[in-house]
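With the sequences and hints as input, model every part of the structure.
So the chains spell out like this:
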Amino acid sequence: MKESYIRLIQYLLAAVIVVAIAFHLQLFSSLIGPGYIKAQTWEEVASRMDNPFYDGVYAVLLFTVLTHAFIGVRNVLFEFITSRVGRVVTSWTLFIIYVIILLLGIAEIVASAS
Amino acid sequence: MSKMEVKNIRFVVKRWDPKDGRFFESEYTVPVYRGMTVLDALIYIKENIDKTLAFRGSCRMGVCGTCGIVINGKPRLACETQILHLNTDTVYLEPLHNLPLVKDLIIDHTPFFEKQNKIKPYLIRRDMEEYWNPTREYLQTPEEHLRYMQFTYCLTCALCYAACPTTATNPDFLGPQALMNTYRFIADSRDEGRLERIAIIDNPDGCWGCHLAGACSEVCPKGVDPALAIQLLRREVAKIAFGYVEPVEGAKVAPSLQLTEKRITKGPPEFTVEGAEEKLKEFKIPKTIPVEKSK
Numbered sequence: 001m002k003e004s005y006i007r008l009i010q011y012l013l014a015a016v017i018v019v020a021i022a023f024h025l026q027l028f029s030s031l032i033g034p035g036y037i038k039a040q041t042w043e044e045v046a047s048r049m050d051n052p053f054y055d056g057v058y059a060v061l062l063f064t065v066l067t068h069a070f071i072g073v074r075n076v077l078f079e080f081i082t083s084r085v086g087r088v089v090t091s092w093t094l095f096i097i098y099v100i101i102l103l104l105g106i107a108e109i110v111a112s113a114s
Numbered sequence: 001m002s003k004m005e006v007k008n009i010r011f012v013v014k015r016w017d018p019k020d021g022r023f024f025e026s027e028y029t030v031p032v033y034r035g036m037t038v039l040d041a042l043i044y045i046k047e048n049i050d051k052t053l054a055f056r057g058s059c060r061m062g063v064c065g066t067c068g069i070v071i072n073g074k075p076r077l078a079c080e081t082q083i084l085h086l087n088t089d090t091v092y093l094e095p096l097h098n099l100p101l102v103k104d105l106i107i108d109h110t111p112f113f114e115k116q117n118k119i120k121p122y123l124i125r126r127d128m129e130e131y132w133n134p135t136r137e138y139l140q141t142p143e144e145h146l147r148y149m150q151f152t153y154c155l156t157c158a159l160c161y162a163a164c165p166t167t168a169t170n171p172d173f174l175g176p177q178a179l180m181n182t183y184r185f186i187a188d189s190r191d192e193g194r195l196e197r198i199a200i201i202d203n204p205d206g207c208w209g210c211h212l213a214g215a216c217s218e219v220c221p222k223g224v225d226p227a228l229a230i231q232l233l234r235r236e237v238a239k240i241a242f243g244y245v246e247p248v249e250g251a252k253v254a255p256s257l258q259l260t261e262k263r264i265t266k267g268p269p270e271f272t273v274e275g276a277e278e279k280l281k282e283f284k285i286p287k288t289i290p291v292e293k294s295k
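Here the protein sequences come in this chain order: U and Y. Residue 10 in the numbering used here sits at position 10 of the first sequence; the count goes up by one each step and never skips. Residue 191 in the numbering used here sits at position 191 of the second sequence; the count goes up by one each step and never skips.
If you're looking for bench data, these hints aren't it; they were derived computationally from the structure.
Within a straight-line C-alpha distance of at most 20 Å, the following computed EDC-like cross-link-like pairs (lysine to aspartate or glutamate) qualify: (1) Y:Lys118 - U:Glu3; (2) Y:Lys118 - Y:Asp205; (3) Y:Lys239 - Y:Glu192; (4) Y:Lys239 - U:Glu3; (5) Y:Lys7 - Y:Asp40; (6) Y:Lys115 - U:Glu79; (7) Y:Lys74 - Y:Asp40; (8) U:Lys2 - Y:Asp205; (9) U:Lys2 - Y:Asp172; (10) Y:Lys14 - Y:Glu27; (11) U:Lys2 - Y:Glu196.
Structure below.
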């Protein structure tokens, strides 16, 4: 994959994360105006796991954050690893770890829904 | 302070001995007058105090970019830096960072120019016949020229390269000058090598390696903004990544001399450049040039 695609994906996901954080802060901390009027109970939060819409949102958030983070870690490691072979090995190692964590996370979302 | 008044300033020079490969410091006291530059002081030291001190300098007017050194922690041109403007009693001089040393304050520019050569710092054209046997200049509007004009002021003094924190940690990083020069040619309407150059810089050691520290733009003695060029370069790369590729046909060659003669002899010009005739109509050119009467 071209470097520009990787970087643009990271920038795009960063924007998504910023919007998600702003949305979250607005809902629960009333960042701009009044958010939720009453406090959320644990049961209410847990019950969302049965809602397919929330499962989808959690999966998207997991994908967004993990992808952004792993590209970021790769960029940082590339500062220190300058050899071509080293960079290929680093990229593949990170990709494998990324896929494992992503699958574990999605499995967790699916398990909590059932 | 008048020109004749003299103030003694202490110079501490961080030197490098190529024989045993170690750094050492030498201290000198130089009588400084108003307007005296760091290069003048180095010449004074060389002529009057220590003949072994090695440094480089040439034009003495900020044009050649040879005398770049680190003055009080900041890369500057020695010939453009007035000592009294530093407002200090001690001036600390070092060779430029991120480049191999030759002796004392002299650095080897080879890696710097090698990186510049990587990005093909010349016009790339497809019409090779015209390229090698030019008949006339390529046409370019003032607006097209303005797109890259500031980037042509670069002296290749390597101050930006010495100031860049990414270059300090990653020796394979192309560096601000080479990346800025890439944009300079990509933005040039006469150039047709955009895709070729972007293929060279679209990697972690190219435009994506920049952390946007902005140190390059801060130290440039000519006011060039390499950090801006790198961001504009990223935009160009992003455009191509999104499939937005502008036609790469370069500027056309100016009409031949025969046509110019025709214009003179046979009245209205015959324009070959698309839209040029309409553009010319926008200008209200008087038929006779008014001559100011002498009083």
